[in-house]
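Residue numbers (full-length UniProt numbering), protein chains in the order written: chain Y, 1 to 224; chain E, 1 to 239.
FYI, nobody ran anything at the bench for these hints, they're computed from the structure. Be careful, since some hints might not be right.
To be verified - Derived DEER-like restraints, expressed as beta-carbon distance ranges:
id	chain 1	residue 1	chain 2	residue 2	range
1	E	R58	Y	P146	16 to 22 Å
2	Y	E116	E	L7	34 to 40 Å
3	E	P217	Y	S216	28 to 34 Å
4	E	M128	Y	G59	23 to 29 Å
5	E	R58	Y	G28	39 to 45 Å
6	E	G62	Y	Y51	33 to 39 Å
7	E	L86	Y	T9	17 to 23 Å
8	E	E115	Y	T84	45 to 51 Å
9	E	A133	Y	G22	44 to 50 Å
10	E	P146	Y	G56	24 to 30 Å
Note that the coordinates shown come from a computational prediction; the quantities given were computed from them, not determined experimentally. Each residue gets a CB set at the ideal place from its N, CA and C atoms; glycine is no exception.
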Amino acid sequence: MGVIGDAWTWLTTGTNWSGEGGAAHRLGEHLYVSGVALALACAIALPLALYLGHIGKGGALAVNISNIGRAVPVFAVLALFMLTPLRDSGYWPTVIALVLFAVPPLLTNAYVGMTEVDRSVVEAARGMGMSGPQLFARVELPLAYPMIMTGLRSAAVQVVATASIAAMVGLGGLGRIITAGFNTYDTAQVFAGAVLVAGLALLVEGALMALDRLLSPLRRRRNA
Amino acid sequence: MAGENCLVANDWICGEYLRSRSQELTDATVQHLWITAVSVLIGLAVAFPLALLARRGRHFAGPVLGLTTVLYTVPSLAMFSLLLPLFGLSSALVVTGLVLYSLTILVRNILAGLEAVPQEAKDAAKGMGYGPARLLWEVELPLALPALMAGLRIATVSTVALTTVGSLVGKGGLGNLIEDALPSLFKAQVLAASVLCVLLAVAADLLLLGVQRLLTPWTRVRATTASGGVAPAVKAEVG
Chain Y
1 MGVIGDAWTW LTTGTNWSGE GGAAHRLGEH LYVSGVALAL ACAIALPLAL YLGHIGKGGA
61 LAVNISNIGR AVPVFAVLAL FMLTPLRDSG YWPTVIALVL FAVPPLLTNA YVGMTEVDRS
121 VVEAARGMGM SGPQLFARVE LPLAYPMIMT GLRSAAVQVV ATASIAAMVG LGGLGRIITA
181 GFNTYDTAQV FAGAVLVAGL ALLVEGALMA LDRLLSPLRR RRNA
Chain E
1 MAGENCLVAN DWICGEYLRS RSQELTDATV QHLWITAVSV LIGLAVAFPL ALLARRGRHF
61 AGPVLGLTTV LYTVPSLAMF SLLLPLFGLS SALVVTGLVL YSLTILVRNI LAGLEAVPQE
121 AKDAAKGMGY GPARLLWEVE LPLALPALMA GLRIATVSTV ALTTVGSLVG KGGLGNLIED
181 ALPSLFKAQV LAASVLCVLL AVAADLLLLG VQRLLTPWTR VRATTASGGV APAVKAEVG
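Use the sequences and the hints to build the structure in full.
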């Protein structure tokens, strides 16, 4: 496969990594917008989902928001943003689009995790005299943890993927290496960029899986 | 004249645009539809044997589910680009990428549906002399149909949205119109194509919901009498 060899040559050439359009700068942009967006999305979605799950209301919202998130094309949202004054505000169009697409998986999974906590366990905790906040922190949250982390993982994967599509409307990120390759009919560069984007996504997924194992409240109990 | 002015003024909503470019919009929608339909149908055809394979035990389930999850993690832009050396700038590239994406959801849902078939139903069918193939087609598949259709709906809606990324290689249906309109900041075209895309996703979802209702009449009976359980399903299939 000549392309793979050429892509390897592209990836190992130092000049392709340096400068404004270099892979290192693009990777930095990608990680920056992804990190900011994921943090914002968590700050918006998790308190809302955990609260709604705790009081047991808003199920229709949680389900519908994730259906809407699937039906709306990322590319269309980014393109629409580029036709508004947002286009002149640096990374904001990307960050806002990423937040919009990261909120649904976070919200839905955290909500479902909270509502699927065994009702008899909740009753038992109440019977033991736990208050609302105690019940939330010591019973519901640890039991909902796996679903919250599943939501975080799919949100992170979504964010990294969406950040690459930002390149299709001329915004920064690793995807720019791919689109630049398409513009110059450089298949090796397209392939090299794709390897970088795919590698980053898999790395993020792997890192979050490791984090999940490390933080799991149930794992600590089992080991203790 | 007022209609043409909205093209000049670059309004978001422009009746004249919809009139004068109706052919272009129709062509893009048709391309969008057939790319989505072909991808989902091939996805289903590949996912079904994979789910049957995964069902045969942990040795198969691990690799099948692991591989489809890894494929799903690869961002669409990268997926299409990785396929470029194999397919060139063709719709086969877009279809292949979309098929690979749909596998995760389809395999998981088919598997979940098949595994949720009550053991009594299978035992009863075996006791009546059903072989493995007939058991699958006449008992397990109908009972797994709601889960399968739920997966198919999710996969179809996602595929409609993802097809737009195919504009990277010029085969993105309505995504092509969005891409073409961007350099000139043509608002009416971007908005019209985006709205059509969402409408297509909603229409496809409702269509599949209708198909599901037609294919599983017993679930409606169960919903109205609330006493059916799985028994009517088996009866309907055997009878």
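Comparing the hints with the structure gives:
1. E:R58 x Y:P146: 16 to 22 Å: 20 Å, holds
2. Y:E116 x E:L7: 34 to 40 Å: Distance hint for E116 (chain Y), L7 (chain E) is violated at roughly 53 Å.
3. E:P217 x Y:S216: 28 to 34 Å: 44 Å, violated
4. E:M128 x Y:G59: 23 to 29 Å: The hinted range 23 to 29 Å is violated for M128 (chain E) and G59 (chain Y), with Cβ atoms some 41 Å apart.
5. E:R58 x Y:G28: 39 to 45 Å: 42 Å, holds
6. E:G62 x Y:Y51: 33 to 39 Å: Because 37 Å falls inside the window, the suggested range holds.
7. E:L86 x Y:T9: 17 to 23 Å: Check passed, 20 Å falls within 17 to 23 Å.
8. E:E115 x Y:T84: 45 to 51 Å: Given a distance of about 47 Å, which is inside 45 to 51 Å, the answer is holds.
9. E:A133 x Y:G22: 44 to 50 Å: With a Cβ separation near 58 Å, A133 (chain E) and G22 (chain Y) fall outside 44 to 50 Å, so the hint is violated.
10. E:P146 x Y:G56: 24 to 30 Å: 25 Å, holds
Violated hints, in rising order: 2, 3, 4 and 9; the structure is consistent with all others.
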